[in-house]
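Chains as they are written, first to last, in our numbering: chain A, 1 to 304; chain B, 1 to 622; chain C, 1 to 158; chain D, 1 to 208.
Just so you know, the hints here were simulated from the structure itself, not pulled from any lab data. Where hints are given, some of them may not hold.
[Stated by the list, open to error] With a straight-line cut-off of 25 Å between C-alpha atoms, the simulated PhoX-like cross-links for lysine-lysine are: (1) Lys79/D <-> Lys525/B; (2) Lys529/B <-> Lys148/D; (3) Lys525/B <-> Lys447/B; (4) Lys163/D <-> Lys529/B; (5) Lys200/A <-> Lys150/B; (6) Lys160/D <-> Lys528/B; (7) Lys79/D <-> Lys139/C; (8) Lys447/B <-> Lys529/B; (9) Lys16/D <-> Lys171/D; (10) Lys160/D <-> Lys150/B; (11) Lys271/B <-> Lys408/B; (12) Lys132/C <-> Lys148/D; (13) Lys6/D <-> Lys525/B; (14) Lys171/D <-> Lys525/B; (15) Lys163/D <-> Lys6/D; (16) Lys353/B <-> Lys447/B; (17) Lys32/B <-> Lys528/B; (18) Lys146/D <-> Lys528/B; (19) Lys170/D <-> Lys16/D; (20) Lys148/D <-> Lys38/A; (21) Lys525/B <-> Lys408/B; (22) Lys150/B <-> Lys353/B; (23) Lys132/C <-> Lys146/D; (24) Lys100/B <-> Lys163/D; (25) Lys170/D <-> Lys160/D; (26) Lys146/D <-> Lys447/B; (27) Lys6/D <-> Lys529/B; (28) Lys160/D <-> Lys132/C; (29) Lys82/C <-> Lys43/C; (30) Lys16/D <-> Lys146/D; (31) Lys171/D <-> Lys160/D.
[What the hints assert, rightly or not] Pair by pair, the computed Cβ-Cβ distance ranges are: (32) Arg148/C <-> Trp545/B: 30 to 36 Å; (33) Ala269/B <-> Ala304/A: 35 to 41 Å; (34) Phe4/D <-> Lys528/B: 22 to 28 Å; (35) Glu11/D <-> Lys528/B: 21 to 27 Å.
Yeah, the Cβ is synthetic: ideal placement off N, Cα and C, and Gly gets one too.
This is what each chain is made of:
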Amino acid sequence: MVIADFIPKNPGATLGFIVLTGIAAMAVGLLFMGIGRKLTARLQRRYGPPFWQSYIDVIKCFSRNSISHHYIMDLGSMMGLAGLLAAAMFVPVAGHLPFASTGPLIVILYLMPIGYLGMAMGVSASGNPLSAIGIGRALTLMVGYEVPFAVIMLSMIASFNTTGLLALHQIQQAGGWNLFTMPFGFIAAIIALQGMLAEKPFDTMIAPAEIASGPMVELSGKFLGMAFLQHAVAIFIETGIVVNLFLGGGRTIWEFLLKQFVLYMFAMALNGIYARYRVEQATRFLWFTAGSLAVVQLILNLLA
Amino acid sequence: MISLNIFSVSTGIIGVFILGVISLAAFGRVRKLQWVLFSLATLYLLFLAYNLYGKWGGAPEAPEGMIFTLMNTHLGWLFFAFSTGVTFLISLFSLSYNDKKHATGIAPLWTILMAANTGIFFAADWITFIIAWELMGWTSFFIISHGREKSFQAGIYYYALSLIGASALLAGVFILHSITGTFAIRESIQSASALWSTRPGVLYAVALFFCTAFFTKSAIGPFYMWPAKAHAEAPDDFSAFLSGIMIKYGIFGLLIAVLPLFASYAGPAVKGTPIFLYILGWVGGLTAVLGTLLAVRENDMKRLMAFSTVSNVGFIVLALSTATVFGLAAGIFHTFNHMVFKAVIFLSMASVKFRTGERDMHRLGGIGYRMPIAFFAFLLGIIAAAGIPPMSGFASKWMVFQSLFDNKLLFLAIPAFFASTAAFMYLYRGLHSIYLGQLPPRFANIKAAPPVQMLVMLVLMLMVFAVGAFPGIVLMPVKAALGADSLAADFMKIEGITSSVNLSVVAGIFMFAFIGTLVLYIIGKPRKKVEPLDTYTSGEDPADWDMTPEQYHYAYRFYEPFEKMFNPILEALSFEKWFDGFRRHIVRTSESFGRWLHRPGSGAFVLTTALILILVMGIVVW
Amino acid sequence: MTRNALVERIEAETGIESRPRYSNQIEASVPRERIISFLSFLKTIGFEHLSNITAIDWIQDSTMEVVYNVWSYSERIHITVKSPVPRGNPVSFTCMGLWPQGRVYEQELHEMFGISFQGNPTQGPLFLHNWKDIPPLRKDFDTEEYSRRAYGYLEEEQ
Amino acid sequence: MSDFIKVSRDEIMDGKMERVLDFFRARSMWMLYYCTGCGAIELPPSMTSAFDMERFGLGPMATPRQADILLITGYISVKTLKRVIRSYEQMPDPKWVVGFGSCPVNGGIYWNSYATINQLEKYLPVDISIAGCMPRPQAVLDMFQKLKNMIQRGEAVGYKKYKLNYDWYKKNQDEVLNREEPVFREDELFSAPPEQISGEKITAGGNR
């Protein structure tokens, strides 16, 4: 009986859906990346690459030989992508999920770190100090944006008494968007999202001119491709979370993707116009500005 | 009526105690034999636990005419079984760890400590509890200061705090007895809980004393700093026991004594949680944050993990402070998980120290290339400690958060989130600085860990992963021990009010995704292995600059920006100076007393006065 | 103090005749034995900045000139002190005691001209990579021939 | 002394299967350029809004591990050559070298300098070169178009030539980088008549 509910009703379809979700997450993220590059180019008065450039880049990366310093590096890269893909399985897309789950937010927030931990393990096995510095900055920044995001989740609990993204999606489909009912939380979420996506002004972990693209300094060929895919899936997950939390989740898949797209374009526009924070400045900003906004939202929700 | 049955608890305690004394007295020369005896003792206790299962409560078995009473409660049995099991694995590890070079003579004392361990978990009255507690205290003191000067300083520090705790416990117990008239643990607590309305002041005192006692033992709140000293200076294999099991005695004490008192408090409440419990929760949360911040600053790997232990204990207290069934289950679940994953972390570090003899992380590096099993043990350990699926820590941390959400203690969850996210920082630092990065040439040809150590680590890794995928393995017994049928948790699935998670599905999805990435990895073009120093250096050849791997290993002051942010705060609120002063005071008084005793004649004086006193008392009694 | 006054003062106090050259420049020629004392004297009268040290190879009369360019902020006057050293034994004295930055200039001169400065501890290679020939800035070094031999062109087309 | 193994391009070109991947390689060329010479000054204009290089999928990369193209922008001194070779050998295959400006082709205005090499082809397999001092951004983009076509047709096989003739290249590199004996013999040197120094006492540091 216990094993029975572990095995889904029709395994074939569930398996297909899981694979489909994984591929879709990567594809959507790469598409967004391409269009984002186009947008950045237009902001800089350039023509910009075609929007399918990211696909070409990833395929090219996988078509090149690669170097590795130790098998731990390979293992870490694989762990990195796997963690993000696993997290993507729990994000409800317009209420659809590859298998029966509630879209538990805490599980997603704790499945993504295994991706980052894996990537960190891989790049620090490469033995380059620059990559270790980049990972150190990334983890510091992570403490910065996880705290406001957690507070936003708490305010959701305060209002709706659930952390399931699916339930939040249904609630917003019935009532209005949370964007209008909890604006401070939304602003905090936008700031935290900028930090999650590691776009400017929070891209101190990459810093190509400073620490030679930080964690990716030793990544070549397919490892770089996996890093690209990881970033793509991260875009999908993080924008998806915010859409499910604040933008009503969307009735159809296309509406959902559109909302994700708008969020990511906004992030890229900010990325195009801002300079880079130092890591402790970024962390302070995330705590004090975004965090205080989120706490205000939490207090409001508790009083309401 | 003392039962001569070999499966009875009292036989266990006394037998193990006598065994320890014998091995201490007789086999001082043959240390291997002492360790074998210790392993046999733990094995016997494990056997005892197996036999005691199901024989709950009943008449407290008491030797004839003695006030020592023992009772086999379900909860105590659970703690006893888990601690003994983990200790058995550690003892196997110690068998191979204590070779010619690393031998320490702590085995018999540790055996006696196991007797004390049994006593603490099976005591039915406060006298037995206190005696076992004291036995635990001084044996562990002697083990921590195992004949090394530095360790001796740490041991004195630890013992000073234990003195505070023990005396506070004694005082609390006597007050409790004076108001309830019984020494039996359950009855006294129950009857005391009824007195909140009539005699609150006395209960405040009792609760304060108990909290002091158990906080000192578990390094909660202002007593956060002794693990960093004691765990770091203790023998490496004992550190695993110290950090995994001994620090949980305070948790057990909170469970049996303090929580019932606080939960029955009828005064003001925060969202239905009695005010004292709420304060306890904040103490736990702040302890978690404090331990995390201090761990991020550490450069000594054992001190770092000791502070991580402090942070985890804070989590446990946070969960217990809700005093709901879910919260208690979460706390106990996290206690057992922490036993296992902290044991595996410390044992992995012990085998690294066994091979390298280094404790400073910036002097290590790249050890994982030479000792893969130790590396993977540490990796799984920190994944669990960070509370990341699919390892065991996630299930219990998820339950901790859920217990807070369910009671709407939302502000309490903020420090918890901060601590559990910042935990990634120091855990990753340990992974990078010890096991990854550049391998120093002087460690270029160290061997992998000995097979027995590897075996123990593998078993513990398996436990960590199995509990992560199937939390029911631990959660079911906990549920049974609490008699909590309302706890909606089965073998794979845990359901809180605000959310529910099926951890087997999470683990399965992760495995499936890993297979998918493996496919991607295989279809990619082949990879070429290069030398560790062949990295991007802007075209410079490190050899031209006489760059050695040690210099090239980025490990020292790893999180300098973060430290700069928090240093002022941490300097501001440091209890350490005060406690250092306390330790010095104790040392001075005891030394002066000792000097007075050693003065010729004074000993005789003491002896005669004692004799006269006994005479007088005898006459009076007669 | 004007340029001519400086010239006179220098001659009066050291007995070394110096010629005014351009509007704000003085040129003096000092024998190798007195160069350090002369430079220290210049520093005392306000020439506190050593702009650079270079050298000239007069191959016909087989001497090399070490040229110190010193600048005075107070007088806004630039003095060029030339001290000839024989080509056969190009040895002079270091001015590190007066200007610490002289160390690098002297090291460069040692590498490029083969002039060694007594008292300067760092006389190793500075710019050239694995140099085995005579110092390249000497007049008798045929750089075109060197380039042809060392980095010659490929004969045939790959 | 190992001779250069002459192979026709068709012998070492990839098979048909690789041609599919070459399509993607040609459309996403990431370049690594150290500012070895003045040529690097022509790259910012070709990247920024006037001639937008990124629209062909070209982009600068931070490290050799990530880059496909090694740009040699301008003259190469001997010291630079060492770094360039190390960077080239750190790049994973397939990789291409671009000689940028006249100096990598034949030394340029430094043709008779004792410090800069003359012909890059002796030390690294150059796939394509641009003449000019400096080449304008139009020329740069034109070069990248030609390189793109070469890669797409699988004709840019410099890295295979390097593998094939590694010891030949290595010999040339060693001639420059680790020379054992001087280039000029003693009797070739025109030296001034040695002049006897009067034996004055030289005290270290002179008279301060």
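Against the structure, the hints come out as follows:
Straight-line distance between C-alpha atoms of lysine 79/D and lysine 525/B comes to about 34 Å, which puts the hinted pair past the 25 Å bound. Distance hint between lysine 529/B and lysine 148/D is unfulfilled; the C-alpha atoms sit about 29 Å from each other, more than 25 Å. A C-alpha spacing of about 33 Å is found between lysine 525/B and lysine 447/B, which places the hinted pair above 25 Å, so the restraint is violated. Taking the CA atoms of lysine 163/D and lysine 529/B, the gap is near 17 Å; set against the 25 Å cutoff, the hint holds.
This hinted pair does not check out: lysine 200/A and lysine 150/B have alpha carbons roughly 49 Å apart, beyond 25 Å. Between the alpha carbons of lysine 160/D and lysine 528/B the distance comes to roughly 16 Å, so the proposed pair stays at or under 25 Å and holds. With a CA separation close to 24 Å, the supplied pair lysine 79/D and lysine 139/C stays within the 25 Å bound. In summary, the hint linking lysine 447/B to lysine 529/B is supported, as the alpha carbons are separated by about 22 Å, within the 25 Å threshold.
Between lysine 16/D and lysine 171/D, the direct Cα distance comes to roughly 34 Å. Violation of the 25 Å bound is thereby established for this hinted pair. At roughly 62 Å between alpha-carbon atoms, lysine 160/D and lysine 150/B are farther apart than 25 Å, so this suggested pair is violated. A hinted pair counts as satisfied when its Cα atoms are at most 25 Å apart, and lysine 271/B with lysine 408/B qualifies at roughly 7 Å. Proximity of lysine 132/C to lysine 148/D is assessed by CA-CA distance (about 43 Å); at most 25 Å being required, the pair is judged violated.
Simply put, lysine 6/D and lysine 525/B have alpha-carbon atoms about 28 Å apart, too far for the 25 Å limit, and the pair is violated. A C-alpha spacing of about 31 Å is found between lysine 171/D and lysine 525/B, which places the hinted pair above 25 Å, so the restraint is violated. Proximity of lysine 163/D to lysine 6/D is assessed by CA-CA distance (about 13 Å); at most 25 Å being required, the pair is judged to hold. Distance restraint check for lysine 353/B and lysine 447/B: the Cα-Cα separation of roughly 12 Å lies within the 25 Å cut-off, and the hinted pair is therefore satisfied.
A hinted pair counts as satisfied when its Cα atoms are at most 25 Å apart, and lysine 32/B with lysine 528/B does not qualify at roughly 47 Å. With a C-alpha separation of about 30 Å, the suggested pair lysine 146/D and lysine 528/B falls outside the 25 Å cut-off, and the hint is violated. Among the hinted pairs, lysine 170/D with lysine 16/D is inconsistent with the structure: their alpha-carbon atoms are about 31 Å apart, more than 25 Å. For the hint linking lysine 148/D to lysine 38/A, the alpha-carbon distance of about 21 Å falls within 25 Å, and the restraint holds.
Of the pairs offered as hints, the one joining lysine 525/B and lysine 408/B is violated, with about 52 Å between alpha carbons and a cut-off of 25 Å exceeded. For the hint pairing lysine 150/B with lysine 353/B, the CA-to-CA distance comes to about 17 Å; that is within 25 Å, so the pair holds. Among the hinted pairs, lysine 132/C with lysine 146/D is inconsistent with the structure: their alpha-carbon atoms are about 42 Å apart, more than 25 Å. This hinted pair does not check out: lysine 100/B and lysine 163/D have alpha carbons roughly 53 Å apart, beyond 25 Å.
The straight-line distance between the Cα atoms of lysine 170/D and lysine 160/D is roughly 15 Å, inside the 25 Å bound, and the hint therefore holds. Using a Cα cut-off of 25 Å, the hinted pair lysine 146/D and lysine 447/B is violated, with the two alpha carbons roughly 55 Å apart. The suggested pairing of lysine 6/D with lysine 529/B is violated, with an alpha-carbon distance near 30 Å, which exceeds 25 Å. Between lysine 160/D and lysine 132/C the alpha-carbon distance is near 34 Å, which puts this suggested pair outside the 25 Å criterion.
The hinted pair formed by lysine 82/C and lysine 43/C meets the criterion: a straight-line CA distance of about 16 Å does not exceed 25 Å. Proximity of lysine 16/D to lysine 146/D is assessed by CA-CA distance (about 21 Å); at most 25 Å being required, the pair is judged to hold. Restraint check: the Cα-Cα separation between lysine 171/D and lysine 160/D comes to about 17 Å, which is no more than 25 Å; the hinted pair holds. In this structure the hint that arginine 148/C and tryptophan 545/B lie 30 to 36 Å apart at CB holds, the actual value being about 33 Å.
A hinted range of 35 to 41 Å is violated for the C-beta pair alanine 269/B and alanine 304/A, which are about 22 Å apart. Under the hint 22 to 28 Å, the C-beta atoms of phenylalanine 4/D and lysine 528/B, about 25 Å apart, fit the expected range. Glutamate 11/D and lysine 528/B have their C-beta atoms about 24 Å apart, which keeps the hinted 21 to 27 Å range intact.
Figure legend: structure checked against the earlier numbered hints; hints not met, in rising order: 1, 2, 3, 5, 9, 10, 12, 13, 14, 17, 18, 19, 21, 23, 24, 26, 27, 28 and 33.
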